[in-house]
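> Here is how the chains run, residue by residue.
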Amino acid sequence: MKANKPQLIIEGKRVDGRTPSDLRPIKMEVGVLRNADGSAIVEIGNTKVLAAVYGPREVVPRHEEQVDRAIIRCRYRMLSFSTMGERKSPAPSRREIELSKVIREALEPAIVSSQFPRTAIDIFVEVLNAEGGTRTAGITAASLALADAGIPMLDLVAAVAVGKVDGVIVLDLNEVEDMYGEADMPVAAMPSIGKITMIQLNGVLTPEEFKKALKLALDGINRIYNLQKEALKKKYVEIEE
Amino acid sequence: MSSTPETPIIPKIKMNAILNVLAKGNHIDKRPLLSYRQIDVVKNVSPNADSSVLVKLGYTQVLAGVKLEVGQPFPDNPEEGVLIVNAEYIPAASPTFEPGPPDENAIELARVIDRSIREPRAVALDKLALIPGRKVWVVWLDIYVLDHDGNLIDAAMIASILALANTKIPYYEVDQASGNVKIDRSKTAGLLPMNKLVATVTIYKIGDVLVVDPTAEEEALASASLAIAVSEDGNIVGMQKRGLGAFTEKELEQAIEISLNKGKELIETIRKFIT
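Quick note, the sequences are listed as chains A and B, same order. Number 241 marks the last residue of the first sequence (my numbering); no jumps. Number 516 marks the last residue of the second sequence (my numbering); no jumps.
Among the hints, erroneous ones may be present.
As the list claims (entries may be wrong) - Negatives, chain A to chain B, calculated, CB over 12 Å:
#	residue
1	Ile9
2	Ile10
3	Val15
4	Ala36
5	Asn46
6	Gln66
7	Ala70
8	Ser89
9	Pro90
10	Arg95
11	Asp122
12	Gly150
13	Val204
14	Lys234
15	Tyr236
Unchecked claim - Cβ-to-Cβ under 8 Å is the rule here; a few derived chain B residues that face chain A:
#	residue
16	Thr245
17	Pro252
18	Gly486
19	Lys513
What the hints assert, rightly or not - 30 Å max Cα-Cα, derived DSSO-like pairs, lysine-lysine:
#	chain 1	residue 1	chain 2	residue 2
20	B	Lys437	A	Lys215
21	A	Lys212	B	Lys409
22	B	Lys308	A	Lys88
23	B	Lys505	A	Lys211
24	A	Lys212	B	Lys505
25	B	Lys505	A	Lys215
26	B	Lys368	B	Lys409
27	A	Lys215	B	Lys376
28	B	Lys265	B	Lys308
29	A	Lys88	B	Lys376
30	B	Lys376	A	Lys229
I should point out that these hints are in silico values taken from the structure, not numbers from a laboratory. We put the CB at the ideal spot given by N, CA and C, even for glycine.
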């Protein structure tokens, strides 16, 4: 057991006052960078993630290009001052290397990469402030940035984590719940076509708890998906008017 | 930066042949889709290690070894031992593996295995404190892929759990006052304490079918895979989706069911090789 674990559920409420099926407050903005072909910022609670997309563009180095599709490249990283507590070393950690791959593989199924052979689509996910759920906020933001860059996709990808804290299945873990909870399960999906593009589980769940958690995650993903569509409309409809 | 991997070139005729065989309910080596290849285990391959186990899953070979060292505990868990997992895909294992520091695939494999052992508390790390808060056993679990013929995570997990469960703790004497720990590797102080066994069952989606334990040829055709770790008490203790494709909700539920059944079988196999 971790030392000094606080009580995470008090009278049915979580440490930040939410019920088990509440998301943290969410803000999304599309087109926040001048130079990138697409960009977005997603805030969920105190977690804040910036995503930028460049491409389709020429592949450097050239030998990495593929003749039948665009290659997708992704880098996830946390700014050195984004974490709670100590400064994070700016050198890429094993966690960041894994998450770069996980985020890329969560987005790949959505991108119609066959339309742009011999090119690269680069996705940069920068965590500005980390308080739980940075990979899922990163996927949500990157998918908006891809749409903003005009890259054809089968659907937007929305993501959220579910988990188990003090025996209760809860939606959208914050930092404390992630650190001391019994399980953390981030999920990403393309809601309109019913495809799950990413799922990880770090922790222990019974098969029944897993089913319940997956339902809750997909419900949360739907809510985030609607916010994504609103955020995109806000940029593009406003410009047209 | 993580980049779309180069897709191996597979002749269409071969691809269709494999997909046809799978659609009829068999692997290309004639096993049913949901059965594993033969599992062979060789123990004590590297006698200088505190434990070493070579697992052969068909032609896939993975060597896992354990070394114990005395070290400091993590500050947030001062009374527990430390487990550190590393993995390397050695260039001898496949023409596509290159020398150099572990790439994203090796790092991912090590971290998936680490989490699936750590979260269910498979190793009783709380029994590995020597001087609580100051000195504990550090368990270095290193995984080397020696030959790649598909399904590396499942093979690596079998090797890892067997290596841990067969680890002999060297004889030691703790001087609580001075904080010195004397180790004598010629004698043992018993086996590394384990709470439970864990196995990973990776479900691959090839065409429209879900299969376990594909060969490398079959694996190259998989659009996505889902590694599911299950513990001997029937819980799901880890999960990782990999690959360029996606799963439907129904496929996920099927995958969970398959993994719970197959996991039980694998754990029984693992149990046979523990002394």
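> Next, verify each hint and record whether it holds.
Structure-based check of all given hints:
No Cβ of chain B comes within 12 Å of the Cβ of isoleucine 9 of chain A; the nearest lies about 20 Å off, and the non-interface call holds. The claim that isoleucine 10 of chain A is not at the interface with chain B holds, since no C-beta of that chain comes within 12 Å of its own (minimum 23 Å). Distance check for valine 15 of chain A against chain B: the nearest CB is about 18 Å away, which clears 12 Å, and the non-interface claim stands. Interface exclusion of alanine 36 of chain A from chain B stands, the closest Cβ pair being 16 Å apart, more than 12 Å.
For asparagine 46 of chain A, the non-interface assignment is confirmed: its Cβ lies about 21 Å from the closest Cβ of chain B, beyond the 12 Å cut-off. Once the 12 Å rule is applied to beta carbons, glutamine 66 of chain A is inconsistent with being away from chain B; the minimum gap is 7 Å. Listed as a non-interface residue, alanine 70 of chain A fails to keep its Cβ farther than 12 Å from every Cβ of chain B; the least gap is roughly 8 Å. A cut-off of 12 Å between C-beta atoms confirms that serine 89 of chain A is not in contact with chain B; the least separation is 16 Å.
Remark: the non-interface label on proline 90 of chain A is consistent with the geometry, its nearest Cβ contact in chain B lying 15 Å away (cut-off 12 Å). Once the 12 Å rule is applied to beta carbons, arginine 95 of chain A is inconsistent with being away from chain B; the minimum gap is 8 Å. The beta carbon of aspartate 122 of chain A is not kept farther than 12 Å from every beta carbon of chain B, the shortest such distance being approximately 8 Å. Every C-beta of chain B lies more than 12 Å from that of glycine 150 of chain A, the closest at about 20 Å, which supports listing it as non-interface.
Chain B draws valine 204 of chain A into its interface by the beta-carbon criterion, the shortest separation being 5 Å against a cut-off of 12 Å. With a least CB separation of 28 Å from chain B, lysine 234 of chain A remains clear of the 12 Å interface cut-off, as annotated. Separation of tyrosine 236 of chain A from chain B is adequate, the least Cβ-Cβ distance of about 27 Å exceeding the 12 Å criterion. Given hint, threonine 245 of chain B at the interface with chain A, holds; its Cβ is 4 Å from that chain's nearest Cβ, closer than 8 Å.
Hint status for proline 252 of chain B: violated, given a least beta-carbon distance of 15 Å to chain A, over 8 Å. At about 6 Å, the closest approach between the beta carbon of glycine 486 of chain B and any beta carbon in chain A falls short of 8 Å, and the interface hint on this residue holds. About 25 Å separates the beta-carbon of lysine 513 of chain B from the nearest beta-carbon of chain A, more than 8 Å, and the hint is not met. About 29 Å separates the Cα atoms of lysine 437 of chain B and lysine 215 of chain A, which keeps this hinted pair within 30 Å; it holds.
A hinted pair counts as satisfied when its Cα atoms are at most 30 Å apart, and lysine 212 of chain A with lysine 409 of chain B does not qualify at roughly 41 Å. For the given pair, lysine 308 of chain B sits about 29 Å from lysine 88 of chain A by alpha-carbon distance, which is consistent with the 30 Å threshold. Distance restraint check for lysine 505 of chain B and lysine 211 of chain A: the Cα-Cα separation of roughly 20 Å lies within the 30 Å cut-off, and the hinted pair is therefore satisfied. Proposed proximity of lysine 212 of chain A and lysine 505 of chain B is supported: the alpha carbons are some 23 Å apart, at most 30 Å.
Taken as a hint, the lysine 505 of chain B and lysine 215 of chain A pair is honoured in the structure, with Cα atoms around 26 Å apart against an allowance of 30 Å. Taking the CA atoms of lysine 368 of chain B and lysine 409 of chain B, the gap is about 14 Å. The hint holds against a cut of 30 Å. Between lysine 215 of chain A and lysine 376 of chain B the alpha-carbon distance is near 44 Å, which puts this suggested pair outside the 30 Å criterion. Using a Cα cut-off of 30 Å, the hinted pair lysine 265 of chain B and lysine 308 of chain B is violated, with the two alpha carbons roughly 46 Å apart.
Simply put, lysine 88 of chain A and lysine 376 of chain B have alpha-carbon atoms about 26 Å apart, close enough for the 30 Å limit, and the pair holds. At roughly 54 Å between alpha-carbon atoms, lysine 376 of chain B and lysine 229 of chain A are farther apart than 30 Å, so this suggested pair is violated.
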